[in-house]
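**Q** Protein chains in written order, with our numbering: chain A, 1 to 178; chain B, 1 to 192.
Just so you know, these hints were derived from the structure itself, not from any lab. Do not rely on the hints blindly, as some may be mistaken.
Unchecked claim - Here are the simulated DSSO-like pairs of lysine-lysine, each with C-alpha atoms no more than 30 Å apart in a straight line:
id, chain 1, residue 1, chain 2, residue 2
1, A, Lys27, B, Lys62
2, A, Lys27, B, Lys143
3, B, Lys82, A, Lys27
4, B, Lys82, B, Lys62
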Amino acid sequence: MTDQTQLPPNGEDPVLDRQLLALTRFKPIVVFEDRVLSGVWRPAPMFVLIWQDRLSRVFTPARRWMLAGVASLGSFGSAMILGHLVTNHLLNSDLGLRVSSAMAAGATENISWDRVSGAVASIAPAAAGSISGLPAASFSQLASVAPWATLATIISGAGLYLVARRPARERVRSYASR
Amino acid sequence: MTIPISFTAASDQEVVLRAREGHEDAFRELIRRYERPVFSLIYRMVRDRELAEDLSQETFVKVLNAIESYRPEYKFSSWIFKIANNASIDHLRRRELNTLSLEGARDATTPERAEATALQIADRSESSLEEMEAKELGGAIEKAIARLRPEYQSCILLRHVEDKSYEEIAEILSLPLGTVKTYIHRARRVAT
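Put together the whole structure using the sequences plus the hints.
**A** In structure tokens:
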């Protein structure tokens, strides 16, 4: 077998050598520099890169997925419990009972909306009294929390769905693996 | 206000360090240093000025966006030539797959079908860009290089235009040293 490393580095052809030596470099268009820079992202500051590197070692894709799953599940669960507590509190109060019985009466009589609105109108003054009867602080806390709890339930439900359908492993880009 | 820095005496490694800190001047300096070598290599391989400019741009964008992953123990020139060479080879392979027959599709059974699937070439006069290409790549040695296999082209261009050592060429092309020597030897024989 021929030892390839023993081959002469150049052939003995002075004409070819001269021709090859005469090969020059070409120049791209004038705006090439700006054209390239328009597609380049400036790197983040060094301390950010260091922290990104450290964090990416701790939070691997699998760990990130698990954490996101636990957080979504926890958030979903606590939002459900909170919503349940708020509903229970309202139903157990006098105001809640009167509203629900009026609604039920309306429903049994082929949904007589006039009757429901009449009941609500008659309840309104009592509701005001009921609200004033409640400890002001606790009611205002509940009232302010209720919309957020509803929103949190929706968002965490969507988050949980997204996390659940995301694959645990990430595809390795073919170019990066070269 | 940022003060422009002079990189005239700075090594590639020093310029890269500045680029990693986000200095635009350093990015520009790297482009200025390598635009001609990278463009020339790609242009001679693909033999189309516009396409060579696009591939060169792609190469630089890839390199500069990944500047943080550059390892200073390697030569910057080797890294950028490796990416430029890969871009050219990838393009040549794709072009080979997309080649159309001038006579029409092979499975065409009737003359009408063959005519319908044949590549239409417009009768057009040479544009200034084509004239420039003909002038730049029309020499005997350029034509001889164009006839070589892409791997031979890379080897001979890196050796004789960029004056790279055999070891550097082997590193750039990820080939054994002996293979590089053989390729250059064969390329020279074919070119004569």
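**Q** Indicate, hint by hint, whether the structure satisfies it.
**A** Hints versus structure:
Distance hint between lysine 27/A and lysine 62/B is fulfilled; the C-alpha atoms sit about 20 Å from each other, no more than 30 Å. A distance of roughly 19 Å separates the Cα atoms of lysine 27/A and lysine 143/B; the hinted pair therefore holds under the 30 Å criterion. Annotation: proposed proximity of lysine 82/B to lysine 27/A holds, straight-line Cα distance about 19 Å (limit 30 Å). Of the supplied pair hints, the one linking lysine 82/B and lysine 62/B holds, its CA atoms being roughly 12 Å apart against a limit of 30 Å.
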